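**Student:** Spelled out, the chains give:
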Amino acid sequence: EAGVAQSPRYKIIEKRQSVAFWCNPISGHATLYWYQQILGQGPKLLIQFQNNGVVDDSQLPKDRFSAERLKGVDSTLKIQPAKLEDSAVYLCASSLAGRNTEAFFGQGTRLTVV
Amino acid sequence: KQEVTQIPAALSVPEGENLVLNCSFTDSAIYNLQWFRQDPGKGLTSLLLIQSSQREQTSGRLNASLDKSSGRSTLYIAASQPGDSATYLCAGPDNYGQNFVFGPGTRLSVLP
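Heads up: the protein sequence lines correspond to chains B and D, in order. Letter by letter, the first sequence follows residues 216 to 329 of my numbering. Letter by letter, the second sequence follows residues 3 to 114 of my numbering.
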């Protein structure tokens, strides 16, 4: 079974530039998550999708971050404009629908804003 | 708001030792819990999932238990090996049961 795919693996941009990350979840997984992990901390949820609908985006900085999940499969996360404090690893995860289901993570995208 | 703590923050042990990592939740109404491993510069690898009807799960040298009444979970690693060196993260549901809340992790070093 293929895992969660993310691209790119690394990205370096200047502040105020824009950047986009892509995620392809495990086939059949209805739930997709985007997490932000700052160095030395645990991941923090940015947004959760159930199929192509948003379940929770309460911690997404909506003035600069946006995400979409077209057709309930792939997802993109965009930052525009980026700030220095956005430097982090952005992790995508997916799971089957339901409360007792296991979450599987991609390798992440390491973003450095200079 | 659900908050997760992990103790210790870092641990260094000689190869072969048995060890215990701890995880605590502020909201003890936990119906499932997942332990992950993260190697430097990598994503998270799922180790064990304890579902609502279970109290523990075992996989090889790993055993995780969940005490819902106290909101605590432990990850037991038997006969540790240098390859076990990584950061271990626990995650449980948020207050609405919608998504995962993570602890800060325990950084484990197993010395040969």
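Because the hints were derived from the structure by calculation, they are not lab data. The model shown is predicted, which means the values in this text are computed figures rather than measured ones. Treat the hints loosely; a few may be bogus.
DSBU-like, lysine-lysine: derived pairs with alpha carbons at most 30 Å apart [said to hold, decoys possible]:
hint, chain 1, residue 1, chain 2, residue 2
1, B, K226, B, K277
2, B, K298, D, K70
3, D, K44, B, K230
4, B, K298, B, K259
5, D, K3, D, K70
6, B, K293, D, K70
7, D, K70, B, K277
8, D, K44, B, K286
9, B, K226, B, K286
10, D, K3, B, K298
11, B, K226, B, K259
12, B, K259, B, K230
13, D, K44, B, K298
14, D, K70, B, K286
15, D, K3, B, K277
16, B, K293, D, K3
17, D, K70, B, K226
18, B, K298, B, K230
19, B, K259, B, K277
20, B, K259, D, K3
**Student:** Is the straight-line distance between the alpha-carbon of K298 (chain B) and that of K230 (chain B) 30 Å or less?
**Tutor:** holds (5 Å)
**Student:** Does K298 (chain B) sit within 30 Å of K44 (chain D), going by the straight-line distance between their CA atoms?
**Tutor:** holds (23 Å)
**Student:** Next pair to validate is K259 (chain B) with K230 (chain B); report whether the Cα-Cα distance is within 30 Å.
**Tutor:** holds (22 Å)
**Student:** Under the criterion that the straight-line Cα-Cα distance not exceed 30 Å, is the pair K3 (chain D), K277 (chain B) satisfied?
**Tutor:** Distance ~21 Å between K3 (chain D) and K277 (chain B) Cα, so the pair holds.
**Student:** What's the verdict on K70 (chain D) and K226 (chain B), does the C-alpha distance respect the 30 Å limit or exceed it?
**Tutor:** violated (41 Å)
**Student:** Need the status of pair K259 (chain B), K277 (chain B): alpha-carbon distance at most 30 Å?
**Tutor:** holds (15 Å)
**Student:** Need the status of pair K293 (chain B), K70 (chain D): alpha-carbon distance at most 30 Å?
**Tutor:** violated (38 Å)
**Student:** Do the alpha carbons of K226 (chain B) and K277 (chain B) lie within 30 Å of each other, as the hint requires?
**Tutor:** holds (21 Å)
**Student:** Straight-line Cα separation of K70 (chain D) and K277 (chain B) no greater than 30 Å?
**Tutor:** violated (35 Å)
**Student:** Given the hint that K70 (chain D) pairs with K286 (chain B), test it: the Cα-Cα distance must not exceed 30 Å.
**Tutor:** violated (37 Å)
**Student:** Tell me if the straight-line CA distance from K44 (chain D) to K286 (chain B) falls inside 30 Å.
**Tutor:** holds (28 Å)
**Student:** Between K44 (chain D) and K230 (chain B), is the straight-line Cα distance small enough, at 30 Å or below?
**Tutor:** Measuring from Cα to Cα gives roughly 25 Å; hence the hint holds.
Comparing the model with each earlier hint shows violations of hints 2, 6, 7, 14 and 17; every other hint is respected.
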